[in-house]
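Got chain A; can you put chain B on it based on the hints?
Residue numbers (numbering that gives the first Met the number 0), protein chains in the order written: chain A, 0 to 252; chain B, 0 to 223.
Derived by calculation from the structure, the hints in this document are not laboratory data. Glycine included, each C-beta is placed from N, C-alpha and C at the ideal position. A hint or two may mislead.
Stated by the list, open to error - List of simulated lysine to any residue pairs, SDA-like, C-alpha gap at most 20 Å:
(1) A:K117 x B:M133
(2) A:K133 x A:R84
(3) A:K133 x A:M197
(4) A:K102 x B:Q140
(5) A:K28 x A:P45
(6) A:K102 x B:I1
(7) A:K117 x B:R134
Stated by the list, open to error - Some chain B residues well away from chain A (every beta-carbon gap over 10 Å; in silico):
(8) L19
(9) I42
(10) G46
(11) I62
(12) L81
(13) G82
(14) I83
(15) C101
(16) S113
(17) A121
(18) I144
(19) I166
(20) Q180
(21) V182
(22) L186
(23) F189
For reference, the chains in residue letters:
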Amino acid sequence: MTSNRSKNGTGMIEFRGVNKWFGALNVLKDITLSVEPREVVVVCGPSGSGKSTLIRCINGLETIRDGDLVVDGQRLGDPATNMTRLRTEIGFVFQSFNLYPHKTALENVTLAPIHVRKIPRAEAEKAGRELLAKVGLADKVNAYPAQLSGGQQQRVAIARCLGMRPKIMLFDEPTSALDPEMISEVLDVMVAVAEEGMTMMVVTHEMGFARKVAQRVVFMDAGAIVESGTPDEFFSHPKTDRSRAFLSKILRH
Amino acid sequence: MIWQQLQSIAGSYPLALRGLGMTVMLSLISLVLGTLIGFGLGILRTGGNRLISSVIGAWVDLIRGTPFLVQIFLIFFILPELGIELDAFTAGIIALTNLAACFICEIVVAGIRSVPTGQVEAALASGLSRWHRMRQVVLPQAMRIVLPPLVGQYVLLIKDSSVVSAIGLTDLTRVGWLVVQRVPNGLLVFFLVGLGYFIVCYPLILLARRLEQRMGAAHGEVQL
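Same shape as in the complex, but just chain A:
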């Protein structure tokens, strides 16, 4: 029944009363959140607040203990849900890039399209070259990850996700491991992806990015969603003490 209702509903990602524990630690507390198609949601909060865990649940890198999590009309943990297939619809960008070090940039991008989508190699390589050009790396097609800067690696990682033509893109602190001068090249690519209408959830403290493309900012603390609103509301008029304290810390410099 639950999955039927969600198919009729509009939420691309729907958390309903989701809880998760690591041992005795309640890392996600009664999370209820709905992300609409084409919506960009920025998730922020102090470290250890459960932001990463939240988005890692969406593609099943973490499992939830109770509550409902419905993604693209499919309920996670339901025997009828094919997790491997659902993951092909969800791109995930990691803080540490996680490019395959033994494969070139192009091979990183074409691996899943060839082996999962069963796209012919020549076609996948053509699409892969176009994607790498789109993220500004047309000249790095045959480079190995070790030969690329952090910013370049993260752009390859985004192209790798786009290669699967996903419906949803999740970003787990995509710029936190980067040198400051490389952050904007990655954010520019993310803005371009957002402007093409991708449904996105982005864990980040990049407030410029949030103001530019996010429809909503979700603030988490100690495993719970404390506040949620438009970027303007959240940054200009935070409603809770905890969000004010957090904002004063990240905006101080």
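For chain B alone, coordinates are given in the frame of chain A:
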């Protein structure tokens, strides 16, 4: 006198060649089978099924914790008691393959565990099947860790094959025993037997060293 003995030994070169052939044959067959089974066991052991993993772990510990000579005797003398008739060659192959598979399993497990979890997560997140995750992402990276000790294990296997002379297979070691009955100079005969093993093993030792150097260099390159 040494000269006469050398001539007498030289006269038995067909026997020596047969022994060397037997040693190479035993090693080669069990090396290929042991590698295949060892990789299979290693992949199964890291596959996440706790029962399978602990059964393999217990078997590997058992084999690593008992002398190879005892294992050969068990296979050659005990199995026929249970109604399984084996000729010495088959028994030798089974014992050596089992030994190789167990050690290679441990090497493969260490290699697979050395691959950062982020790599598996990236492969999972892009929807790759278990087979493709292993084949395309994990194993190629594990091979860098696996290859040098794997070749080292082959050297050990060739030397361990000498133990099969105990069940009557005419390998290089047993040829030594046969020749020494005619030519009473154990030092000379077994020096030559040792030389025979060394000639087979030394290229592999060199290969293992080169691989180790190459992997070391490559590893520095890839560090993030």
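**Request:** Mind listing which of the numbered hints don't hold for this structure, in increasing order?
**Result:** 2, 6, 17
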